[in-house]
Amino acid sequence: MDYLELIKRQPPEKEAIVEDGTSFSYGDLVRLAQNKAQEWKKHLSHMEHAGQNDQPHPPSPQRAVHVIQEKRILQQLVSFLACFLTGDVPLVVPWESEYFQRDARIMAGEVPNQACMAVATSGTSGAPKIYFRTYESWADYFPIQNQIFHIHRDCRLFAQGSLSFTGNMNLYLAQFYAGATMIAENEFRPGDWVRRMEEQKATGIYLIPSKLLLLPRLMRHPNDQIETIISGSQSLGKSDAETLKAIFPRAEIILYYGATELNYITYITDGMMTEQRNLIGKPFPKVDVDIRGEEIFVSTAHCVEGISCPHTLSDRGAMDASGNLYFLGRSDDILLHRGHKVSAMKLENILEGIAGVEEAAVCMVESSHWKEAQIVAYLIVPVPHSLTEQEVLAILRDRLHRYELPRRIFFVDALPKNASGKVDKKQLGMLKW
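According to the numbering used here, the sequence shown is numbered sequentially starting from 572.
Heads up, some of the hints might be wrong.
[To be verified] Each pair of labels, with its calculated beta carbon distance range:
1. PRO683 to SER938: 41 to 49 Å
2. MET843 to ILE905: 25 to 33 Å
3. LYS700 to TRP666: 18 to 26 Å
4. GLU943 to MET890: 30 to 38 Å
5. ILE905 to PRO683: 29 to 37 Å
6. HIS614 to PRO683: 20 to 28 Å
7. LYS853 to SER938: 39 to 47 Å
8. LYS853 to SER810: 15 to 23 Å
9. GLU798 to ARG970: 36 to 44 Å
10. ASP859 to MET1001: 36 to 44 Å
11. TYR670 to THR840: 32 to 40 Å
These are calculated hints, taken from the structure and not from any lab test. Given the structure is predicted, the values throughout are model-derived calculations rather than measurements. Beta carbons are placed, not taken as given, at the ideal position from N, Cα and C, and that holds for glycine.
Let the hints inform the model, and build the full structure from the sequences given.
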């Protein structure tokens, strides 16, 4: 079984995806994938006949990883499905990635015989690492996650962004497993998202919190068609949920914590959220979470090939007596400042809790003006002049140790993001100021 076969099992006339307002049925996806596979085969045959094929072509029975580096969602999806006709293992990577060559067929170590697809880490600390997934490692969990996320064949889930983000790819395939419809937007145009949700009668939304929280400022009236809001990758607290519920009054909000290597780990619904924005809930069914010296260890049968459980991503966390997990930061979250360890996540959560601050990010910055690297904070404040640097610092002084305080605070229009929508800390430290 593979994902093209999954698509083929749905009624061919059923609407599968609406990309930027254009509708494609399940039958369309099958046809487009078949055409793409045929196109690839003709091109490869031509190159071999002309003696110009300098791409590594592994001999049978080895399988190659086919790098899919397309700009648009439908192109990514069609190429992903076409690989199941050519025998290659699909790997969707960000359009802007410098680590891969478009349409390259590469060997990423030995490809497991049971591998259905490949996934790549974001590469925040170096070159992306490629992992392999079996069909079962995702598909066998679809019934459980679809029940929690309220996904069924009549769902129309809105999402924005590339399928190179495994959170997006997973939920697309889970929707197709249910015979449901994706409403997909390529561009970062929140005003268009609002219109598209209404036009296409979306019943659900999947966006990271920083994108979700743009919607209240753009909507003129509540949308009572949205039943479910799914979010991950960033923190979300009770006040954020209340802001969203004001414009999506019927929606249940579900925040999850997951990882490329491990699939879903914990989740929390809006009714259980508190003002502690790092509360990320209880483990998903069939997932075990253990804390060892503030390090999170996870055991799940639905992980990538080649890792053993319990597995740790070096993420930090704490668990209360009720079994709720609190996220304390990722492995690269700790900033070393004047001999002290400072949690970037803690500082960002405090900053984002200040009235008027839409989004915050902090990092260490070196400057010729300073003897050593210093903590710098970047804030998005939609209303100009509603906050000053000194006002923000005054608030922070009441809540932080002196060594945790940023040396400077800068107000910016946007923060650099990677394909998953997370702040790119490497680019952040290079912002001009």
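A quick look at each hint next to the structure:
Taking 41 to 49 Å as the suggested C-beta distance range, the pair PRO683 and SER938 conforms, at roughly 48 Å. At about 28 Å, the CB distance of MET843 to ILE905 agrees with the hint of 25 to 33 Å. A hinted range of 18 to 26 Å for the beta carbons of LYS700 and TRP666 is consistent with their spacing of about 19 Å. For the pair GLU943 and MET890, the beta carbons lie near 36 Å from each other, so the given range of 30 to 38 Å is met.
Look at ILE905 against PRO683: about 34 Å separates their beta carbons, and that is inside 29 to 37 Å. Range check, HIS614 to PRO683: Cβ separation about 27 Å, and the 20 to 28 Å hint holds. Between LYS853 and SER938 the beta carbon distance is about 44 Å. The supplied range of 39 to 47 Å therefore holds. In this structure the hint that LYS853 and SER810 lie 15 to 23 Å apart at CB holds, the actual value being about 21 Å.
Taking 36 to 44 Å as the suggested C-beta distance range, the pair GLU798 and ARG970 conforms, at roughly 37 Å. With their beta carbons about 40 Å apart, ASP859 and MET1001 fall inside the hinted range of 36 to 44 Å. Separation of TYR670 from THR840 is about 37 Å and conforms to the stated range, judged on CB atoms against 32 to 40 Å.
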